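Chains V and D supply the protein sequences, listed in that same order.
Per this note's numbering, residue 372 is the first one in the first sequence, and the count goes up by one each step.
Per this note's numbering, residue 1397 is the first one in the second sequence, and the count goes up by one each step.
Watch out, some of these pointers could steer you wrong.
[Unchecked claim] Residues from chain D shown here face chain V by an in silico Cβ test under 7 Å; the list is partial:
no. : residue
1   : Ile1620
2   : Gln1649
3   : Leu1656
4   : Ala1660
To be clear, the hints were calculated from the coordinates, so they are not data collected in a lab.
Every value quoted in this text rests on a predicted model; they were computed, and no experiment measured them.
Built from N, CA and C at the ideal position, the CB exists for glycine as well.
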Amino acid sequence: MAELAGQIKRMNGGINQLLEQIFGFSRRCLFRVISMGPIPNHLAFIMDGNRRYAKKCGLEEGSGHKAGFSALMLMLQYCYELGIKYVTIYAFSIDNFRRQPEEVQCLMDLMLEKIKSLLEKESIVHQYGIRVYFIGNLALLNDQVRDAAEEVMKATAKNSRVVLLICIAYNSTDEILQAVKKSCINKLDNIEASGSYKHEDSDIEAKDMENQEKKIQLVDIEENMQMSVAPNPDILIRSSGETRLSNFLLWQTGNSQLCSPAALWPEIGLRHLVWAILNFQRSHSYLEKRKKQL
Amino acid sequence: MLSLFSVVFTFLALFLLIPGLFISRRLRVPFSLENIIRFFKITASKYDDERNDERGPMGEKKKRAKNRMPKHVAVILDGNRRWAEKRGLGTSDGHEAGAKRLMENAKDCFAMGTNTISLFAFSTENWERPEDEVKCLMALFEKHFKSEMPYFQRDKIRISVIGNRSKISRSLLGLIEEVEEATKSYEGKQLIIAIDYSGRFDILQACKNLAMKVKDGLIQVEDIDEKAMENELMTKCSEFPNPDLLIRTSGEQRISNFFLWQSAYTELYFPNVLWPDFGEAEYLEALTWYQQRQRRFGKRV
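Bound-form chain D, shown alone (with noise of 0.2 Å):
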């Protein structure tokens, strides 16, 4: 009798009491023949709607969505050391896979019409990891430098790096300006490669150019707008300071300190792939679910 009753009334908990706390009941439309009727109304216009999208003006949907690549796309490069725990590889393994398929898919990228891509490659907070791989990393970085500077030159894509530089070694500042000096011509593509760079560092830092042109009386306070701090934040150097997407492989739904005023209207995509399994398909993805997108900045369309 007793484990009868006790059965029950698990039961009862299970398939009641726990489903009813999540039953909204604000939602409850009271029952009468109006809004029945009102109902069927919309039930019978939704499917109307449905069978318009399918026929429907094609081809300017398709027009469309191809003017509405993004401009700027911008990527967190997570997951180098989960990918390599996951296949019993050392950390410093992971990262040279990581930084592999970055230049594969910068190409990718270029190749359908971005005109500039940037990636956060080293976070301020980064430097608190263990010494050997912060070194890894940077040696990582003076590799890469050299080894694709011909295909940069190739391709004509302008190199420019953004952070605090006061940390980075000697050798690496140097390629780093060796190579921002030889791509410094090129136009209509650009990569931005965050070293050591923080959203609110590069806040910060613009507010101090501020101050001081205010104190030299070069600006008045009142002059102090949005232009003018886009012209003092370190992505000045590109045609189009903000993305319009940004990217953060691995799953993990966090900015991270990454672009903060820039990223104000950017949509933000958050794939569960870790980077160095973030190829061409998945790309694609990104740009698929990017162009179905309704950006209002506020406004009604």
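Chain V extracted, bound-state conformation (with noise of 0.2 Å):
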């Protein structure tokens, strides 16, 4: 008897293996076909619903963000297998910290754990070449989490192929005060540095010149700004329905296609990330006739 039920799951375990050849093979095709089209550069997540779905599948507390988690992983290699470049996940702001203590130290711990998976020789990061960014203001997380994740960036920075961008401890207005700050130091210690020699000729043009140096142009805020590192988001996808950005690359998705599918994260899947793309290649021509006019 006992023999028989090994038989049965070795069989099942083969033909698992089989259904998955089968699939993946498939979803490659439907990659293939979707690729005719445009494809976006940069695309974004917002991860939420965890809780929610801990709580729809009578799961303890914790366990939703692990569910998340592997949501996610999958969502990077169906994303770095369609060829899309940049990837960023909203997976701490700066407003969670206002969460119940607990559930903050178990996030952070969760995180923790997860940040030091990815150095691992079988992480996805080595599978695909990713190289990793940290951003947020990583000052207000625990010296463990800031230390690992500042290994990860240094570890990964090599890779080319494809990115991964990872806001943790993050809130857009934050990211922008920051912006603001670093453009206002540089600016006053320009106007000092120049200062210290004087100008022998004093024509116009020189002084115009030494105004508009003084002034804070839009680059120095873009340059200035953790995100600059990638091109601005072209589809954001926030799961679970809601309609809003809570505080995420403001001043990035000023012209980004937003989608919101109903499913919760973990739920999240294959057919949500083709939907989303489509959407994006119908409105992408009329998008692109805009952007040559400017």
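Two independent chains are provided; combine them into the complex using the hints.
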């Protein structure tokens, strides 16, 4: 009897593997078809709905976030297979520090564990050659998480195929304020440096140039934004059906397509990604025309 | 024989392979007695929840709904040209219909208790449109400012125009200043019209002001925080600078460089109807949708 059970299990495993191979093949065919049209360069995800998922399935409190992590790995795999170069995810907001301390601690522990696992040889980072950036006010995190994050950034600095930006302890308003402060400090330093040597000929042109250098331009702020390492997102996907930005990439998503599938984050799947990209392709030609006009 | 084989294969592909792609394999729970019992318990509790919702504390829910009217509603008026095209009219007719609809909707909005309404009338990117369309829009603004002034004064609506004023014609500028001056003392109702506005330009001009203040020694770099930013943005003219609800008609799901900083926690609503067809019924739908939102601002409720 035990032998029979063992044989059935092995057959099950074999069938599972076969099915996975078939589905993987059909998925790659589907991606080839979709790639005939324009593919977004940068995709952003707001991973909302983990707690509601845990409640819905009757699981204990922290496991919603764990299920969310496996959903994230799956979505990253699909994105990189499709050829999307930049993916940004909203892992933890500065507002989330106001949640219950046990939940915050549980999230921090999960993040530490997952960040450390990125350094392992079999992780998705090495499989796809991902360069990882951690964006946000890292000073607000505890030392262990911050050190692990910096280690991952250093370790993946040489990868250049695809980029993953993880927004942790991040708020778009905070990012803009930091950029403004940096621009102010830079300008003040410039002014002090240029004031230390006198101008011999004080004609109007030189004065104008000086004045221009003293004023803050759009490029100054954009240079000092932490997200300047990536272009603006083409699509922003927020799961669980809520249609708000919740202080995520406010500056960068002025012209991005916003999608809000009703599925909770751990339930998100291939069909939501495909639907978002098809919608993007529908309005892409019109937006390209507008961009050319500008 | 061959045709039978190809038919069978097509059916298999259609009904097995393609749906199989989309079935999520992660959610398969192992088949055991514990999980079957758990499944029954969850279904039973869901049924109980639904029954309780139907009878339950309706009075409390209604009270909560009344308190949750948005104080500031922002609207992106999209779809005028498509509306005109559908009816075989010219673009200017589309914009004319849109402007008429605007005044009607504003009246309804204020009647339902909203404090501030913001309208994205003309964006910085709209200067790239064909010259006659731009001229027609500017003429429309002038005409409506003139004709609606008595209504604004009668109903005590404060008008504020935000945006970069350097490219607007002298006559329109004069009208804008006149309307703002005449209505500046009114409180309780405010209509913010964004002409030649861009969210990034707004943030940039606020940064420039802050930088000037730092340079002149009025504030320190460390004092620059969210409050300081809000006091420099163009929406500082309003008591409620951040919109609670943003409606963009015509089904496009983008913010197109309207309020960027201000819409950090705004609920975004994207109805499929074109702007000249957006009436009271559609606005009520938007309000009902808004009241069902659970706004958490990052915390747990």
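Exercise for the section: Report the numbers of all earlier hints that the structure fails to satisfy, in ascending order. Expected result: Of the numbered hints given earlier, the structure breaks none, since each of them holds.
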